[in-house]
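The primary structure of each chain is shown beneath.
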Amino acid sequence: MLKEGYVRIPSGCAISGIIDRTGRLFSGQSITDSIATMHDRSNGLGGGFAAYGIYPDFKDYFAFHMFYDDLIAKQETENILKADYIVALEEKIPTRKTAHIKNAPLIYRYFAIPKPEKLKLSELDENEFTIKFVFNINSNIPGAYVFSSGKNMGVFKAVGYPEDVANFYKLESYKGYMWLAHGRFPTNTPGWWGGAHPFNLLNISVVHNGELSSYDTNRKYLEEFGYICTLQTDTEVAAYIFDLLLRKHGLPIELACKVVASPLWKQVERMSPKEKFLYTNLKVIYGRALLNGPFSMIIAYGDGFIAINDRIKLRPLTAAKKGDMIYVASEESAIRQICKNPESVWIPRGGEPVIAELIRDNEKEMYSTKEVTA
Amino acid sequence: MSLSYLTPEFKVLRDYDKCINCKVCMRQCSFEVHSYDEDLDKMVSNDMNCVNCQRCVLLCPTQALTIIKHPQTFKEHANWTYDAIRDIYRQAETGGVLLSSMGNDRPYPVYWDKMVINASQVTNPSIDPLREPMELRVYLGRKPDRIEIDENLNVKTKMPPQLKLETPIMFSAMSYGSISYNAHAALARAAEELGILYNTGEGGLHKDFRKYGKNTIVQVASGRFGVDREYLNTAAAIEIKIGQGAKPGIGGHLPGEKVSEDISATRMIPSGSDAISPAPHHDIYSIEDLAQLIYSLKEATDYQKPVGVKIAAVNNVAAIASGIARAGADYIAIDGFRGGTGAAPKRIRDNVGIPIEFAIAAVDARLRSEGIRHTVSLVAAGSIRNSADIVKAIALGADAVYIATAALIALGCHMCQKCHTGKCNWGIATQDPNLVKRLNPEIGYKRLVNLVQAWSHEIKEMLGGMGINDIESLKGNRLMLRGIGMTQKELDILGILAAGE
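Taken in order, these protein sequences are the chains called A and B.
The first sequence: position 306 = 289 (the working numbering), numbered continuously.
The second sequence: position 424 = 419 (the working numbering), numbered continuously.
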């Protein structure tokens, strides 16, 4: 059977996300409990987590999480990595043997920053430089896959139920201020770890429940801007579109949401002249970046996350708030499992984003926290 | 002159039990097929003149008439076919180039019919367009790379001019001259009602139709007929016509006898003089010359109007389109080899050019690979027969389509392929005032509106089936198509998978 990336696999899913807006770090146990509640929404063929704030000791380094099929892939990747980056620490990602997670590849992490002379030579900023590195490894080194490349964050994923994946990676021992989780229900069995979610590029991580009917349109639009979609997954495309809109085009988050879930022409016609002008142009310029078809997704971007549905809400998404904690999940049960008495619970409307960001004043405090992680 | 070797192509069957000698058929037929024989006291037919336009069939009050393909055959020969032999007779008689009209009628593969469309099942809900919003509006024109806004959300990007279409369908170029005043009146009014555009073709814009300017694309072709400042500024957009799918590489010729007072005024040429469009524009011998014309037209209209370029689909269409995009065109219309015409040499019509399906796929792929697809819109033309063809064209990469033959059929055209004779019995491809008045623009425009609305409903149904609620998300979405009965090479060029893959 073809590996994911050579074939397109639709999936259904469970998603969950938590942020403490003060930047306080908390263990991965909460998110594990939350996603485990929705066990029946996945089928054991993919689970994963994104954790932000877990590597404060290396917060200025890109944390590369890698899957290797074999030592040759590892050697080739390291040759490229070490030619271009200063590696502060490299190690096996700690795992525990469990009955439910099988066929693990070699799983390594590297904390690295681009060598100044290489960066200067490339005439790129360090983000662009790193994206190029990630694309290069993922498309050119057989058997090697960079599945996490942000700073002070990491993705942990595998083929299995999400709660088993958490157990496998010892997530209870990590502490982060923001967590995403995903349980996957793919419609066939590629059995490839890279195909599990979250999908990550730099600090953007996406967990997604849905199937984009606009996939090929979105993919071709992105290719014009130099993105290479290697996985053929909706999540990958969604992540790149947010990267393009937020990082490259500098759109405010609210407007980026209005691109991927654009208002209907009927609604635009009713707006004030100024808004009408803005949204007409937004739709005209970014028509092919509209994510069409059913989805609920959570996009984490370092400072917070966006949870959003397709514009006619064809997949479930519930949000809740308690103090500085914001919760989003496919089902309310997944929130109530870890937050017994939320102040408010609501079901966002189609295309109406839930944007949960760190409270700016606490930023210093967050980074100065010296928690020792696994 | 020697005996003509041609036998009738069609046979008029008259049911004399039904015929009441009312002579309607005689009065209706501009080809003079029917006549009344006083000695016999009955209607008789000259089959030789019949073109099977079916005007008499439909107007006969007693339904006494049927036209059939004439049973007369040659000894069967797979190589020397009926048409092959008759074409030689005709040319041996006249010494002339064979003329024909409408699109290529040869049995080339129709690739639309080898593509099938996807629909959602289980993993993705289909959307019911009767209950859920479904958006068909498209904007044609150059799109900037990105939007730029200030902190107060004011748009700072200077938007190039755009054409708004409420459904991704436009009426393709047909000149006043090739078709009648009433046909133009129906097209213009339908375009206005539908929120789309019609195209004047290269014959100028009649003063009566200037009021439809917002729904009009005016053409600037090699003959430059009817082009002046007012013409350019009245329109919503300007289209430089380089070529036409039915006759790539050659010009056009409207015989002097068709240049009436009205056409003379519209084309700005003396009445009775031949209107000749040269094969090339004599100020465009290369791509840099095209860029000059594009910018001359933009200057003339103060950069307020999109300037498009229409080309015929030929072998090198992808590279040509890339050049046109870089020369500054706001949209490119590509006309496939089955596109219609009011008159074309038959050999050219039937042998020059490539199918629109390949052309649009190749152009879209080339522009994407160069990262300039979003800087130009693509319009597919050249035999769009129904709403499924439109869905397939857009999935292959078009932004919208042009229809012309389909629009004329809606107005009553019966595809007899005799436009070049100027004797159109349906009042479409003629300037004979007695024939023109047979086409009632009041009824005609409603039929056009019906057709486009019906197709739009069907497009919405198909989009909903695919789980899409905005036509934008179909653009270049080739995963929604699968091929049946094609070679791997054909599939590769179309950029689609085979059914079952």
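If you are wondering where the hints come from, they were derived from the structure by calculation, not from laboratory data.
A quick note: this is a predicted structure, and the numbers were derived from the prediction, not measured.
Please note that the accuracy of each hint is not assured.
[Stated by the list, open to error] Beta-carbon label-pair distances, calculated as ranges:
1. 118(A) x 314(B): 24 to 30 Å
2. 314(B) x 85(A): 39 to 45 Å
3. 55(A) x 496(B): 41 to 47 Å
[To be verified] Which chain B residues stay away from chain A? Per the calculated CB distances, all over 10 Å, these:
4. 274
5. 417
6. 472
7. 483
[What the hints assert, rightly or not] Pairs of lysine to aspartate or glutamate, DMTMM-like flavour, derived with a Cα cap of 20 Å:
8. 64(B) x 78(B)
9. 249(A) x 188(B)
10. 259(A) x 146(B)
11. 253(B) x 269(B)
12. 259(A) x 78(B)
13. 259(A) x 123(B)
14. 202(B) x 187(B)
15. 257(A) x 146(B)
16. 257(A) x 143(B)
17. 249(A) x 146(B)
18. 151(B) x 258(A)
19. 296(A) x 127(B)
20. 231(A) x 225(B)
21. 259(A) x 237(A)
22. 259(A) x 143(B)
23. 257(A) x 456(B)
24. 231(A) x 188(B)
25. 231(A) x 315(A)
26. 151(B) x 108(A)
27. 293(B) x 223(B)
28. 159(B) x 108(A)
29. 296(A) x 269(B)
30. 153(B) x 315(A)
31. 159(B) x 252(A)
32. 249(A) x 123(B)
33. 64(B) x 88(B)
34. 231(A) x 161(B)
35. 305(A) x 315(A)
36. 249(A) x 223(B)
37. 257(A) x 286(A)
38. 296(A) x 258(A)
39. 65(A) x 108(A)
40. 259(A) x 335(A)
C-beta: ideal position from N, C-alpha, C; glycine also.
Hint by hint, which ones does this structure get wrong, listed from lowest number up?
2, 3, 6, 12, 13, 17, 20, 23, 24, 25, 26, 28, 29, 30, 33, 34, 36, 37 and 38
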